[in-house]
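Student: So the sequences go chain by chain: A and B.
Residue 164 in the UniProt record's numbering sits at position 164 of the first sequence, with consecutive numbering throughout.
Residue 217 in the UniProt record's numbering sits at position 217 of the second sequence, with consecutive numbering throughout.
The reader is advised that the hints may include incorrect statements.
Computed cross-link-like contacts, DSS-like style, restricted to lysine-lysine with a CA-CA straight-line distance of at most 30 Å [claimed, not checked]:
| id | chain 1 | residue 1 | chain 2 | residue 2 |
| --- | --- | --- | --- | --- |
| 1 | B | LYS328 | A | LYS40 |
| 2 | B | LYS456 | B | LYS446 |
| 3 | B | LYS456 | B | LYS434 |
| 4 | B | LYS328 | A | LYS52 |
| 5 | A | LYS142 | B | LYS142 |
| 6 | A | LYS142 | A | LYS52 |
| 7 | A | LYS52 | A | LYS351 |
| 8 | A | LYS328 | B | LYS40 |
| 9 | B | LYS52 | A | LYS328 |
| 10 | A | LYS45 | A | LYS115 |
| 11 | B | LYS44 | A | LYS328 |
| 12 | A | LYS44 | B | LYS54 |
| 13 | B | LYS40 | A | LYS308 |
| 14 | A | LYS54 | A | LYS115 |
| 15 | B | LYS328 | A | LYS142 |
| 16 | B | LYS481 | B | LYS90 |
| 17 | A | LYS257 | B | LYS257 |
| 18 | B | LYS52 | A | LYS142 |
| 19 | A | LYS276 | A | LYS446 |
| 20 | B | LYS54 | B | LYS94 |
| 21 | A | LYS40 | B | LYS308 |
| 22 | B | LYS142 | B | LYS115 |
| 23 | B | LYS94 | B | LYS52 |
| 24 | B | LYS308 | B | LYS252 |
| 25 | B | LYS446 | B | LYS52 |
| 26 | B | LYS115 | B | LYS40 |
| 27 | A | LYS351 | A | LYS325 |
| 28 | A | LYS308 | A | LYS351 |
| 29 | B | LYS456 | B | LYS325 |
| 30 | B | LYS52 | B | LYS252 |
| 31 | A | LYS113 | A | LYS94 |
| 32 | A | LYS434 | A | LYS276 |
| 33 | B | LYS142 | A | LYS325 |
| 34 | B | LYS308 | B | LYS456 |
| 35 | A | LYS257 | B | LYS481 |
| 36 | A | LYS231 | B | LYS52 |
| 37 | B | LYS434 | B | LYS276 |
| 38 | A | LYS328 | B | LYS142 |
| 39 | B | LYS308 | B | LYS276 |
Derived from the structure by calculation, the hints contain no laboratory data.
Only a predicted model underlies this, so the values are computations on that prediction, with no experimental measurement involved.
There are 2 protein chains.
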Amino acid sequence: MSEVMEHWLDKRVALSPDALAIETPEGEQWTFFRLQQEAKLFAKKLANVACKQKHIGILSGNSVEMVVAFLACTYIQAPVVFLNTRLTEKEIEKQCQAADVDLLLTSTYYRSKAKQLSTTSYTFNQIRELETMSISLPSSIKMEGLCSMMFTSGTTGTAKAVMHRYKNHWASAVASALNLGLLSTDKWLACLPLFHIGGLSIILKGIIYGMPVYLLERFDEQIVHQAIIDKGVSIVSVVSVTCMRLLQLLGKQRYPKNFRCMLLGGGPAPQPLLEKARALDVPIVQTFGMTETSSQIATLNEHDALRKIGSAGHALFSASLEIRKNGKQAAVNEIGEIVVRGPMVTDGYYKREEANLASFQEGWFLTGDLGYQDEEGFLYVVDRRSDLIISGGENIYPAEIEDCLLSMPTIAEAGVVGIPDPVWGEVPVAFVVKRDGALTQDDIVKHCRSRLARFKIPKQIFFTDVLPRNATNKLQRHQLKKWIEERNG
Amino acid sequence: MSEVMEHWLDKRVALSPDALAIETPEGEQWTFFRLQQEAKLFAKKLANVACKQKHIGILSGNSVEMVVAFLACTYIQAPVVFLNTRLTEKEIEKQCQAADVDLLLTSTYYRSKAKQLSTTSYTFNQIRELETMSISLPSSIKMEGLCSMMFTSGTTGTAKAVMHRYKNHWASAVASALNLGLLSTDKWLACLPLFHIGGLSIILKGIIYGMPVYLLERFDEQIVHQAIIDKGVSIVSVVSVTCMRLLQLLGKQRYPKNFRCMLLGGGPAPQPLLEKARALDVPIVQTFGMTETSSQIATLNEHDALRKIGSAGHALFSASLEIRKNGKQAAVNEIGEIVVRGPMVTDGYYKREEANLASFQEGWFLTGDLGYQDEEGFLYVVDRRSDLIISGGENIYPAEIEDCLLSMPTIAEAGVVGIPDPVWGEVPVAFVVKRDGALTQDDIVKHCRSRLARFKIPKQIFFTDVLPRNATNKLQRHQLKKWIEERNG
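Next up, chain A with everything else stripped away, as it sits in the complex:
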């Protein structure tokens, strides 16, 4: 790879200035040219308070002004630290310190939250009111340069700042295009937060591909549904629970023909969901990826979707994937840790030497996720290693039990974790969101008995109105464990 490229937005504007860059349900329509002009203007105002190499935190919900602020930072060559708006002030404070944030930019909405922090903060509006500095902005990008940092989504409870270099974002966009193809009619809907890789990567793909992004403030099934039905959206990135809600809403309708891909990430997909999608002709592309891989690194292609239901497919072109057990490559169908390699994989966590030593080995990144490959090399993600339940020496994968629970039409959502047990070491317990008020624990146990080995049947079942999920709607099993601890202690 050449060390230097023209700034991606400048290049895009040279190629297709008047093409649509961002569209919102509120009716905003931004061309790449306008996006560039606004980003450069913002950069020249931002230059009053920030400069090259400064770490700029962004605390904001999805909006075009957030995109403009991010792009402005790329023009002044300041890495952006994306902060999760759902966190408490205390948690954000900690992350700002961990990532050496020099300056915070925030939307008006999060202004008061930002004011609680020790880092100096400005709202986007405040920056816009500053003088326009007469500086010349660099027209190129150093591919080795640090573009952004994000904290891992924290379903395991420990947050580390993943460094994304320009080369990682580039390789991710390229690998995705080689996999999904690239149509001049594509429009990708972004409803994941931009402070997560699943959101930000769509913005960068839009610029690199010259593709419009349909940007939502947050996931809203009605808006997403409508966007697919009559706004020309052809690709949507979802996680299991949001996918389920969309299918529920679809009812007996069908999506239009130009809708070609529902990219399903964020953890193993429940079998019943995949079967439902299949019945409704919804083109699900199951993916495996994480912040560290700059979004997808493995996907199941459409033409294998039916044959390999439940698989996350193969590593994308340019990436590689292996299953390791006890430091060696696992056998076919043997469960082990998923390790990956490729130009989209981060080269490390910011200032976390110990974590880096533990997670990176000879060019491979150890994901901490468990899975296996079948005889054709298709990846099946089983679970996060940290979520594995070991009961009487038997491995129990929470996702398997959740699948079983979700196959009951009366259950809307389910989460399973292990709790300590004096006899078995650990035993599984389940949290269930009912769809039908009459459902009892006995009904559930009866359902499981005919489908699961005895040791896999949840020893306790708790009904709840909502399950703990992070900002991308991924189930947070460590929160379920906390609930139990709080209940018991």
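Following the hints, position chain B against chain A.
Tutor: Below, chain B alone, put in the same frame as chain A:
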């Protein structure tokens, strides 16, 4: 870029083993799996006589066995030196020495030619008869590794071996996909020789994209026409003269809708050709590229085709382009040398230090071609610098005069060069292939007078049955000069 990737063909086979890789008009149908199996088998036989790092010459016309031999060489990590079958034994001998060829592989057809050379040679058949060595083939590719070498097409008369590293081929395939898009229904017809980058790059794109290649032994307008009409071909790479022949053949017919791109390279396109294509709804994508840039580096996108007729567009995403005059960036619309940069650009000619010093400056490659950029940055290629005619201090671009000649319906082909003149320094002379026997020199001069400045009107006009073209059908103006020299002395 990650230093290592899985071998591209292995990766492709993991992703889509049963997809069609190569199809021929003779009815051959090869899947990626078969291609891989044959290439690996050939590699294990080739290992009897060759090993890693050896330079393997290939002298062959286009065929699947030639593709297999090339891929086999990638498996044993031996760079391939592609040799032009049209050259004399003497010329090939010289190239083999220049590129340090250790061993020559050849088709049966070129066996006797190969036997004249001092390098040891084997036919593909002879290799296939060797024992299969039980060696394990590397499953990865080093992106910095040397994949292939080709001699520049030699329209200027001096041949240098361009080194193509895997990273160059990769970047070229990626940039092309980002530009043209990538459809699951794509099928690219290759009729340029595989020993030229315009041919080989299609084979590599096929593997990287998972796209079938329709492989022809050579350009044949009937076969190409038929392939577009009813073999599902969606993209064809052509040069001006082959494009013209196809349009001639099209008559009042129209290509089917799935045919989406006639990629026109190999030099500035004559205006009349572009206008004819426009009238026939043929989607011409004009490109600028050369062996040194691993195929296209600039293209004019479809949506600008009508607005910027005659332009080669912008440098592809990841590449950059500038016009230099007297060492400085030229002004808008000012003609200068085209210089380019990007990951698809070679890092040099093999063992030609002096040429490298002259052609590479601070990461930029000086193409030797002349052109200008308009106010929107669109590139217009004017001519090869070496073909420029300077007459009485005025610059004359042969292509401009050729355009003028070709706008006469009675002229089929035209070539213009400068000859020494005691008064003007140089004056233009023209070689013309008539379409109508009755055409006279006077007719032509009369036609030119109303369209060209006086000093641009050819001082002599020669009628000929055929113009000298290289294996990609590019006009060889230096040959025209030789004709005149021979005639004069």
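Student: Name the hints, by number, that the structure is in violation of.
Tutor: 12, 18, 22, 25, 28, 30, 35, 36
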